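J.: Hey, can you work out the whole structure from these sequences and the hints?
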Amino acid sequence: MDFEFLASTFVTLLKSLPTTLALFAFSVTLGGSLAILIVWMRVSGNPILGGFAKAYIFVFRGSPLLIQMFLVFYGLAQFSLIRQSFLWSYLREPFDCAVLSLALCTAGYSAEIFRGGIRAVSVKEIEAARAIGMSGFLLVRRIIAPIAFRHALPAYSTEVVLMMKSTALASLVTVWDVTGVAQRLISQTYRTMEVFLCAAAIYLFLNFVLLQAFALLEFYLSRHRRAPALNSASKLA
Amino acid sequence: MSDNLPLSVRNIRKSFGTHEVLKGISLDAQQGDVISLLGASGSGKSTFLRCINLLEIANEGEIWVDGEQVRWHHKGGRTRVESQKQVDRIRSELGMVFQSFNLWSHMTILENVIEGPVHVLKRPRAECVAEAEALLEKVGIVEKRHAYPAHLSGGQQQRVAIARALAMKPKVMLFDEPTSALDPELVGEVLRVMRALAEEGMTMLVVTHEMSFARNVSNRVIFMKEGLVDSQGAPESMFGDGASPAFRQFIGHFGH
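One line per chain: the protein sequences are A and B, in this order.
Here my numbering = 1-based position in the first sequence + 9.
Here my numbering = 1-based position in the second sequence + 85.
Think of the hints as simulated: they come from the structure by calculation, not from any bench.
No experiment lies behind these values; they were computed from the predicted model shown.
A virtual CB, placed ideally from N, CA and C, is assigned to each residue, including glycine.
Be aware that a few hints might be false.
In silico lysine to any residue, SDA-like type, Cα no more than 20 Å apart, as pairs [stated by the list, open to error]:
1) B:Lys170 <-> A:Phe146
2) B:Lys256 <-> B:Arg95
3) A:Lys133 <-> B:Ser190
4) B:Lys254 <-> B:Asn301
5) B:Lys223 <-> B:Lys256
6) B:Lys207 <-> A:Gly145
Some chain A residues well away from chain B (every beta-carbon gap over 10 Å; in silico) [claimed, not checked]:
7) Met10
8) Ser17
9) Phe35
10) Phe61
11) Ala86
12) Pro103
13) Asp105
14) Ser131
15) Thr201
T.: Laid out in structure tokens, this is it:
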């Protein structure tokens, strides 16, 4: 074991960690917001909005993320309309293209996850809210969204972990994230095993932290489903 | 015509598809009236209650709450309310208690009770909490205010649901079979709370199968049959000589 090489590899890879984290943070935030918009269209009851949302979800869940990313990065540049528009200052940047395609893709998956959460909200609890005079956005904000989010959380945490791993694809459109830098190191040293093991360890660590955070959030948000501490103690006695 | 009455309902009709559930029902409630709605299942009594607080929109008829008429118009066999704002306000003036409690599972007991006053009526939180605790005290459950609904028995949950409805300071309380989902030994605690409310002068409309409540607490009994009022009157006459043959047969099932 060449610990010196491993250590220097780690140091090099960790320098690209901010890029990976930025890819992740931007795409999850943007994708999550877009997912809320899509799921709102999906459950709006309006046939045109609903149809658009269905088509969106089908396209972005049904095709490979890598191809979507290539289409955004290499494909859009072919249209002079886009090259001449204000969008070009973003779309010529590999990082922005990677964030865009990651966000578009996760929005499709997350929208379906959120929809599952909404469907799991009890009609009776919604009816009770209507009965005290809630409707529209107030009803969504106070009753439907909090309950739906709790139902959706386990599935959504999986989607977020997948996103962390999917940022590695950005290396294929010339973004120097952890995976991209790892590949550069390998082409310089030909030591595939050590370098990729180091990269994998970094992703494992990131996802470990992420999963712990989600587990904590889930624990905090499911107090209402646990027996109160006092009762469980008296049951044991 | 309906001035000053807490609740006045004129000729309500409601169909689901081709099935007409309510075939023209009217009702006037004076301040302090406790009206029991009785009838076999399928007679339309729950639908009637749901039409009153607009969870179902009637196909025909008029509803007046405290002198204000619900505005709607009929078009192509469908009824459309004119203002969702008015619907929300009318609903907030009618307290609804459901058969299966329908508490919000993710909120504590106290949060359930203050939700309406704080977020619908937009009143100061501290004031609402004080009132909510007084209400929970009244229904005998204040020590559980930081527990969640799932940690309570059915009877306790229903008493919380009553407190939640009362927190809106409703003009009329509507009860949709409030004790039907309860174990027999829990029925009494809910009925006691309802009886205390009646004695305070709350106007109440109660769909129930509790004959003792109809007989001893309410001042008017309405018996529904197949979407119509079969007979109505004071409990003494309804449960005495004034009973219609259909009502006599109905209460026969309950051992009267």
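J.: Indicate, hint by hint, whether the structure satisfies it.
T.: Cross-check of the supplied hints:
{"no.": "1", "hint": "B:Lys170 <-> A:Phe146", "result": "13 Å, holds"}
{"no.": "2", "hint": "B:Lys256 <-> B:Arg95", "result": "18 Å, holds"}
{"no.": "3", "hint": "A:Lys133 <-> B:Ser190", "result": "11 Å, holds"}
{"no.": "4", "hint": "B:Lys254 <-> B:Asn301", "result": "25 Å, violated"}
{"no.": "5", "hint": "B:Lys223 <-> B:Lys256", "result": "19 Å, holds"}
{"no.": "6", "hint": "B:Lys207 <-> A:Gly145", "result": "16 Å, holds"}
{"no.": "7", "hint": "Met10", "result": "51 Å, holds"}
{"no.": "8", "hint": "Ser17", "result": "50 Å, holds"}
{"no.": "9", "hint": "Phe35", "result": "30 Å, holds"}
{"no.": "10", "hint": "Phe61", "result": "25 Å, holds"}
{"no.": "11", "hint": "Ala86", "result": "48 Å, holds"}
{"no.": "12", "hint": "Pro103", "result": "43 Å, holds"}
{"no.": "13", "hint": "Asp105", "result": "38 Å, holds"}
{"no.": "14", "hint": "Ser131", "result": "8 Å, violated"}
{"no.": "15", "hint": "Thr201", "result": "49 Å, holds"}
Consistency with the previously given hints fails for numbers 4 and 14, ordered from lowest to highest.
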